[in-house]
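Novice: One-letter residues, chain by chain:
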Amino acid sequence: AAFGLYFPRKEYSENVYIDQPAGTPLLHIHALKDSHGEVAHFHLCQNLVISRARSHENHWFQIREKTGLLHLSKSLDREDFNMLSVGNLMQLSKVMLYVFLSPHPFQEKECDSATRTTVFLSLINASAPVCSSLTARQLCFTEMDLSFHIKENKPPGTFHQLQLPSVHHLCQNLSISYKLLAAEGLPFRYNENTTGVSVTQRLDREERERYELITKCTVRDGFREMQVEVPFLVNVLDEDDSPPFLPNGTDTADAVVEFNRKEGTVLATLTVYDADTTPIYPLESSRKKYTGIIITDDPWISETFRVEHVFDEIHFSPNGSQVRGTRHEYKLVLNKSISVTDHRSFQLDVLVNDTEFHGPERSVMLHFNVSILPVSIQFPNMTYQFSVNRNAERFAQIGKICIENCMKFRGVNITYKLLSPNISCYPVSILQGREDKYGSLYVNDSSVLSRPECKEIQYTIQATDKQSRKHAKTLLTIVLEGTLLKKEEDCPDSCAQSKHHAECEECGGLGVLTGRCQWRQGSGKGITTNYSTCTPSIKTCPDGICDVVESKEPSVCPQDCTSGNIIGGHGKGTGNLGIKSGHGICYCFPKQNCYCEKDDIKEQLCDDMCKTVI
Amino acid sequence: LAGPPSPGGQDPHGWRGAVDCVRANELCAAEPGCSSRYRTLRQCLAGRDRNTMLANKECQAALEVLQESPLYDCRCKRGMKKELQCLQIYWSIHLGLAEGEEFYEASPYEPATSRLSDIFRLASIFSGMEPAATSKSNHCLDAAKACNLNDNCKRLRSGYISTCSRELSAAERCSRRKCHKALRQFFDRVPGEYTYRLLFCSCRDQACAERRRQTIVPSCSYEDKEKPNCLDLRSTCRADHLCRSRLADFHTNCQASFHKALSSPAVPPLILLPSPSPHPGAGFDMTPNYVDASTTSITISPNAIQAFGNGTDVNLSP
Chain A
1 AAFGLYFPRK EYSENVYIDQ PAGTPLLHIH ALKDSHGEVA HFHLCQNLVI SRARSHENHW
61 FQIREKTGLL HLSKSLDRED FNMLSVGNLM QLSKVMLYVF LSPHPFQEKE CDSATRTTVF
121 LSLINASAPV CSSLTARQLC FTEMDLSFHI KENKPPGTFH QLQLPSVHHL CQNLSISYKL
181 LAAEGLPFRY NENTTGVSVT QRLDREERER YELITKCTVR DGFREMQVEV PFLVNVLDED
241 DSPPFLPNGT DTADAVVEFN RKEGTVLATL TVYDADTTPI YPLESSRKKY TGIIITDDPW
301 ISETFRVEHV FDEIHFSPNG SQVRGTRHEY KLVLNKSISV TDHRSFQLDV LVNDTEFHGP
361 ERSVMLHFNV SILPVSIQFP NMTYQFSVNR NAERFAQIGK ICIENCMKFR GVNITYKLLS
421 PNISCYPVSI LQGREDKYGS LYVNDSSVLS RPECKEIQYT IQATDKQSRK HAKTLLTIVL
481 EGTLLKKEED CPDSCAQSKH HAECEECGGL GVLTGRCQWR QGSGKGITTN YSTCTPSIKT
541 CPDGICDVVE SKEPSVCPQD CTSGNIIGGH GKGTGNLGIK SGHGICYCFP KQNCYCEKDD
601 IKEQLCDDMC KTVI
Chain B
1 LAGPPSPGGQ DPHGWRGAVD CVRANELCAA EPGCSSRYRT LRQCLAGRDR NTMLANKECQ
61 AALEVLQESP LYDCRCKRGM KKELQCLQIY WSIHLGLAEG EEFYEASPYE PATSRLSDIF
121 RLASIFSGME PAATSKSNHC LDAAKACNLN DNCKRLRSGY ISTCSRELSA AERCSRRKCH
181 KALRQFFDRV PGEYTYRLLF CSCRDQACAE RRRQTIVPSC SYEDKEKPNC LDLRSTCRAD
241 HLCRSRLADF HTNCQASFHK ALSSPAVPPL ILLPSPSPHP GAGFDMTPNY VDASTTSITI
301 SPNAIQAFGN GTDVNLSP
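First to last, the sequence lines map onto chains A and B. Each residue of the first sequence is one higher than the one before, counting from 1 in this note's numbering. Each residue of the second sequence is one higher than the one before, counting from 1 in this note's numbering.
No wet-lab data here; the hints were simulated from the structure. Even glycine gets a Cβ: it sits at the ideal position worked out from N, Cα and C. Take every hint as true, because none was put in to throw you off.
Below, in silico cross-link-like pairs of lysine-lysine (BS3-like), each with a Cα-Cα straight-line distance of 30 Å or less:
#1 A:K572 <-> B:K227
#2 A:K591 <-> A:K539
#3 B:K145 <-> A:K572
#4 A:K572 <-> B:K154
#5 A:K408 <-> B:K225
#6 A:K455 <-> A:K552
#7 B:K81 <-> B:K154
#8 A:K580 <-> B:K225
Looking from chain A toward chain B, a few residues come up when the C-beta cut is under 7 Å (computed):
#9 I280
#10 Y281
#11 T574
#12 G575
#13 N576
Excised from the complex, chain A in its bound form:
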């Protein structure tokens, strides 16, 4: 992009009063050069912008083409004011003027040059103030901050004039002088004769990107002397003048694919630094500015991998002042899930290119040593053996089935299956959640458990990888143990229905392991996750997860799975399921409400008195 001349400010502002005479100077606009020998020409667009899309031909303002002095060419009377205030929704009437910049005299009034600055003129519905009514602040400075931007690596030049032309014109008998403080050793100079501030040398943003000076203004009116100080800020704008570099020269990283083979997995990350800044908005153009491309002619590699580029801002301090730079991270990412049978090693090269840097070192090559290891689908070197109490009820959870390293797997879909035995004893089944890497073994038919001929049951478990159809088998032995207890009469189906410790442990319910529900005694401090409740098995319920077995039957563990109302002090669990925390004792009526309440009825203890009676 050809920059050319530019304005050190995006906006200027000044007040215009009724009936100010023609010839009144309003403000001084400066331009800075891109290269030596350029000459700035200023000109105005033909229209004043009043509000969006409402504009009026400019009859009142002119700018000196060479000096950039904006002045009134015709005074504004009340009628002009009224006309220009129409359609202005702001509290104060403001009109906008665009000032354009060109390196050559303007041939015709072209109004589409990209280099423009905006002048906001506040139309003030009063005649110009008298000098004595103005404060020192108003005499010295406009309302706008003295804040400028200067591009790095550009020739020096004057970029601002401190004296306000309008005030100078209005209050000739006042002496107003300025000083630039805190400028020692900085590349800025104030010229007393012209009140101009100039930059004296080429700036380098990578050295320093912000200069904070102070402008001091002294107003003398006869014997009175007033002083005002305002900050004077210069920001240095960046251009792409630094090549990318590698921290400690690291250009190689190992990327190992083993258990995690899922699409989207980040395998390795390499970092590239750049002393230049990278704007984050708009993001896409910055990504185009800095590219990272996989260099390969192997279609399998370009299909299977992609490079993700993220960048963020870092700070470094070249000489005491903080300067911003950029850290680019190039992540090697799996573009699709890799089959468990794939087995390859190769070097993958990524070319990083700083497209806007014009120099020989604009690109760096990154290397990823990729090793894709196969993983085997196999059970650990042992057979599974679980014992099941004969009094267990349907949905009692017996144990988990898992192939080697199954919990580390990602992107590998393993399904577990029980191959049915040839006998009629067949009490258990296996279930698997949608994202679960393991299978849950549970009692599916509790009537089998009471049959004396069923003692030891042998199953074969098969684990299959969906994608590669690879599978493994192992043996599972279920041993039935314990003696049958007499079933209590009129016990509810669900353990969760019991309100008290005693009745809880007298009854069974769906999901119990040994024929009896278990009581969990909570801490009883307000609303807590550790509430008291009656459950088929403290290990699995309530644990805050509505697992695959519990979700098959709502009566098993409503504490984890209920989606109904909970009455009393409580907090709901994830996804609005279950009771995460409760007050006192929580109990539920399956498919209806749950209740959490403090237990006021203390269970009668037999004291010494009663024992004697007995």
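Fit chain B to the known structure of chain A by using the hints.
Specialist: Using the frame of chain A, we list chain B on its own:
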């Protein structure tokens, strides 16, 4: 010095404030010339790129004709019926007029002309506050109590709180979209005397300031895994008519003006109030909030809040 000129249409060819865009659209539809031009313009804008649109002679002609139509000057009312439809009509014209590079946009909402009603509104709030607040008083708690005693406020407040604190899954904390919607309803449908009090209560201690910060359930409506870039957020907001309008309204009403000497002293605190809701971006991608529970650091214009919080006397200059 006189106050700023009221934008109410005293000028015959000035602001015809009475017409809202839905009505203007009906008027335009009744005129064949206007309606065909309006259709043309909408087709021009469907391409979404202003520069290509203006390069087209037909589009430019349509725009020029429409500037004379009631559509050009139409505005919308906050919380009106068919507000969204009204805003769509507004932007369908103004997107074509907009300077794409403009940082501030004019508000599509009618300027709040009735400053008096705001003063009464303020007065009603202050009357609800205890005079000479003791050091123990907690304005934010009082505001919550006041809200709970009003059926409408209570219903909508508990509505957004339960929506915003409903955990969906371990990965997704809440439905941000639904939370924002519920927040919008709360701020749009509950009178300012309740909502302002909740949002802009003044605090002397940390607990109160934390309660104030928690008003909009920031964990769901405000916080993000990573802080996005403000310009990015702004362009997201500008792609949505409602968000864009509220942002423009906020800018229009809350821009710091240096001309304090020239505007009546009542204007700075009051000008903030007519914004569509006390929380101009609440319930949008650009949700502002208190950054921390400090008792003084305030993200929304501090002088408005202070004028609000301590019941400053408001002088009305005629």
